[in-house]
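Asks: Below are the chains, spelled out letter by letter.
Number of protein chains: 2
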Amino acid sequence: MAAAADGFRALDEAALVEYIKATPALRAQLGEQLEGLAIEEVGDGNLNFVYIVAGPAGSFVIKQAIPYVRCIGTSWPLTKERAYFESLALKEHGSLCPNHVPQVYHFDRPMSLIAMRYLEPPHIILRKGLIAGIEYPLLAQHMSDFLARTLFFTSLLYHATLEHRHAVAEFCGNAELCRLTEQVVFSDPYKVAQYNRWTSPHLDHDVEAIRDDDILKIEVAELKSMFCERAQALIHGDLHTGSIMVTSDSTQVIDPEFAFYGPMGFDIGAFLGNLILAFFSQDGHADKDNDRMVYKQWILRTIEETWNLFHHKFVSLWNENFDGHGEAYLVDIYNKPELQLLVQKKYMTNLFHDALGFGAAKMIRRIVGVAHVEDFESISDETKRASCERRALDCAKTILKERRKFETIRQVISVVQEISAP
Amino acid sequence: MAAAADGFRALDEAALVEYIKATPALRAQLGEQLEGLAIEEVGDGNLNFVYIVAGPAGSFVIKQAIPYVRCIGTSWPLTKERAYFESLALKEHGSLCPNHVPQVYHFDRPMSLIAMRYLEPPHIILRKGLIAGIEYPLLAQHMSDFLARTLFFTSLLYHATLEHRHAVAEFCGNAELCRLTEQVVFSDPYKVAQYNRWTSPHLDHDVEAIRDDDILKIEVAELKSMFCERAQALIHGDLHTGSIMVTSDSTQVIDPEFAFYGPMGFDIGAFLGNLILAFFSQDGHADKDNDRMVYKQWILRTIEETWNLFHHKFVSLWNENFDGHGEAYLVDIYNKPELQLLVQKKYMTNLFHDALGFGAAKMIRRIVGVAHVEDFESISDETKRASCERRALDCAKTILKERRKFETIRQVISVVQEISAP
Numbered sequence: 001m002a003a004a005a006d007g008f009r010a011l012d013e014a015a016l017v018e019y020i021k022a023t024p025a026l027r028a029q030l031g032e033q034l035e036g037l038a039i040e041e042v043g044d045g046n047l048n049f050v051y052i053v054a055g056p057a058g059s060f061v062i063k064q065a066i067p068y069v070r071c072i073g074t075s076w077p078l079t080k081e082r083a084y085f086e087s088l089a090l091k092e093h094g095s096l097c098p099n100h101v102p103q104v105y106h107f108d109r110p111m112s113l114i115a116m117r118y119l120e121p122p123h124i125i126l127r128k129g130l131i132a133g134i135e136y137p138l139l140a141q142h143m144s145d146f147l148a149r150t151l152f153f154t155s156l157l158y159h160a161t162l163e164h165r166h167a168v169a170e171f172c173g174n175a176e177l178c179r180l181t182e183q184v185v186f187s188d189p190y191k192v193a194q195y196n197r198w199t200s201p202h203l204d205h206d207v208e209a210i211r212d213d214d215i216l217k218i219e220v221a222e223l224k225s226m227f228c229e230r231a232q233a234l235i236h237g238d239l240h241t242g243s244i245m246v247t248s249d250s251t252q253v254i255d256p257e258f259a260f261y262g263p264m265g266f267d268i269g270a271f272l273g274n275l276i277l278a279f280f281s282q283d284g285h286a287d288k289d290n291d292r293m294v295y296k297q298w299i300l301r302t303i304e305e306t307w308n309l310f311h312h313k314f315v316s317l318w319n320e321n322f323d324g325h326g327e328a329y330l331v332d333i334y335n336k337p338e339l340q341l342l343v344q345k346k347y348m349t350n351l352f353h354d355a356l357g358f359g360a361a362k363m364i365r366r367i368v369g370v371a372h373v374e375d376f377e378s379i380s381d382e383t384k385r386a387s388c389e390r391r392a393l394d395c396a397k398t399i400l401k402e403r404r405k406f407e408t409i410r411q412v413i414s415v416v417q418e419i420s421a422p
Numbered sequence: 001m002a003a004a005a006d007g008f009r010a011l012d013e014a015a016l017v018e019y020i021k022a023t024p025a026l027r028a029q030l031g032e033q034l035e036g037l038a039i040e041e042v043g044d045g046n047l048n049f050v051y052i053v054a055g056p057a058g059s060f061v062i063k064q065a066i067p068y069v070r071c072i073g074t075s076w077p078l079t080k081e082r083a084y085f086e087s088l089a090l091k092e093h094g095s096l097c098p099n100h101v102p103q104v105y106h107f108d109r110p111m112s113l114i115a116m117r118y119l120e121p122p123h124i125i126l127r128k129g130l131i132a133g134i135e136y137p138l139l140a141q142h143m144s145d146f147l148a149r150t151l152f153f154t155s156l157l158y159h160a161t162l163e164h165r166h167a168v169a170e171f172c173g174n175a176e177l178c179r180l181t182e183q184v185v186f187s188d189p190y191k192v193a194q195y196n197r198w199t200s201p202h203l204d205h206d207v208e209a210i211r212d213d214d215i216l217k218i219e220v221a222e223l224k225s226m227f228c229e230r231a232q233a234l235i236h237g238d239l240h241t242g243s244i245m246v247t248s249d250s251t252q253v254i255d256p257e258f259a260f261y262g263p264m265g266f267d268i269g270a271f272l273g274n275l276i277l278a279f280f281s282q283d284g285h286a287d288k289d290n291d292r293m294v295y296k297q298w299i300l301r302t303i304e305e306t307w308n309l310f311h312h313k314f315v316s317l318w319n320e321n322f323d324g325h326g327e328a329y330l331v332d333i334y335n336k337p338e339l340q341l342l343v344q345k346k347y348m349t350n351l352f353h354d355a356l357g358f359g360a361a362k363m364i365r366r367i368v369g370v371a372h373v374e375d376f377e378s379i380s381d382e383t384k385r386a387s388c389e390r391r392a393l394d395c396a397k398t399i400l401k402e403r404r405k406f407e408t409i410r411q412v413i414s415v416v417q418e419i420s421a422p
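Protein sequences, first through last, are from chains A and B.
If you use the numbering used here, the first sequence corresponds to residues 1 to 422, in order.
If you use the numbering used here, the second sequence corresponds to residues 1 to 422, in order.
The list makes no distinction among identical chains, and a pair is therefore deemed to hold if it is satisfied within one copy or across any two copies.
With a cut-off of at most 30 Å between alpha-carbon atoms, the simulated DSS-like pairs for lysine-lysine come out as follows: (1) Lys313 <-> Lys191; (2) Lys401 <-> Lys336; (3) Lys191 <-> Lys346; (4) Lys346 <-> Lys401; (5) Lys336 <-> Lys405.
Treat the hints as calculated values from the structure; they're not laboratory data.
Here chain A stands alone, though its shape is the one from the complex:
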């Protein structure tokens, strides 16, 4: 395919080989051994093409954005500039949390192409591991690390306001991807929309109830405004369990093409909300060999530990940097331990409630909106699937509407357990 005027051309495998041969950084990554390259297209996401490239002396992944939503087609155009913001976020988050973000080897802006570390087997997408019922004992530890470090160090708790506004301006350029989130998370699920789908007819009444739930819609409007207006930190923007690759001892966060300066709670909530979805899907995966009861407990423990560890690590980073150059709380003003404690308690409580609100909104959209999750989709018995989905939906609505009443993650888990009880 010939290059467009802007230098872009979508690569197929043959063209990719030529591209690699012509790109010194990629040749070097392969140890200059370009014979016998194995190339495999593995993009199972909604948006991009992803190739694994492996040679005898090195490997990497090539991710190329195309100018439309892959799972819908050219009828839903989407800027390929998202690759630029993905590369920026990978580099920024990678520098803050190198253990949990794949290294970027090469970025080509006209081609919307990123070359990055190949996450070798046994890395799999976390969502698939959750469906398979695999425990990841370090997941909460790793994800709380990632969340605490990426969010703290890109917030005004660490940034001076000048550098913050400069970074905010740069990521305002990713507005088109933000707009997609605004539509599919905060708008479409609450109205009749072309691409909405759900397990029908089982959930028809539930979907209608959402569209008629005034309290829910008022709360969602508040979350949407916060998403659109509040530049709190550089967030991943799409931190569900399909954006995380895992082994028993490695956790890698990928695909930050939705990254921008937004509310921290959106990332925390995305991860926790998708774990709750995984929890509610387990009954659909239970069989006579494995009733998944132990696994469900592990998921709940992981939710609890993730928030509690995040809280601890985030506040620790704050304490270590209280007299740093962050400008939200100047140490000359917030100058006593008891005042610092009060300030932190208020901040963390608000953040907790934001995370619950956004997490619940992300749950709802995965059941009644355009993009569903394999956790439920892989339950072939529709009645069983609908039953799992309905409980998740009820749980999400409760959390979203009542979020300000929760003081601890344990209380949230109690609600999850109550709703899941037969």
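Starting from the known structure of chain A, arrange chain B on it as the hints suggest.
Replies: Just chain B now, with coordinates in the frame of chain A:
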């Protein structure tokens, strides 16, 4: 003075004449009659040089930003790029509310120079009118117009999110001016700071009490975060009574060099807070001919009418545009009159509380921070001045800390009256 490498040179009167002669837009504005120009430097603000240029067939004002804070000197540098953002805001707000914003004739970015309409006598700075005890019967009507139109049409109630983020990014460039506000409004008054001053020794204990008021400081932190993070609308950013010129039938908002996408309440609060300062200063201006009691009632009425008219006009604009392209509340979702009412009530209540918080913070900083107001400064009897200032300070602290309890502007005015009662 020779031009710097960036094309900037500070103009004196002689250089200004040469500049005008060489600039077609300015020559045209003077009807090409360049003989006998009267030029007067009138900049009494803290930051810039301002010249009135009048010829036999036309006139204008030239405002030139210099790269430091004029009232402090070169020891406090400040980007002259502020003139660029001022010109942008004048044009944007001017297009939305032409009756209350002076027309821009010419902008020269390298020179940081704006030529705009000369607001001819009897226009005076509103603050001077308030000190003189002059009633402006249309002030509430005009300012509620300005606030409703400039804030509504630059918010997500009218903007699509793409255009909003694009505009937000542009104004992130004005970060240095935002930073000045952050320092002098939200930080310095609450700590020991070099340029802080107050009527001493009278208010020494009051200043100390502010630095020791944990509740106040926690609330101020929340306001500061909102100022730094929330891109709600294109705000003027410095809308005190010194940024407004008036006659009995004209109200003109000038000097938006602090403009950026920030919280709407900051503008509304700046105006209302400065009216409350004017109110508390009246006892210091009373004499045997005029006890100012009637005038104080007029100020309170103006505060009440400004908010109530703003509320009415803002909601009216919202209703007129509910099915427009604003993306905060899609009409397909917020699809019933009673739901729209609920949404608006919540929005306006939050905005009211934001305005009270920011207004109170602006009052405090004018009494204990670097930049004071002539309302108080012109009270030569220090004891009398301190007494006025202390009441204003107590009022501001109460409003700031208790703002969420207020449901109507009348309730706020009751607090003002109680605190002002002898």
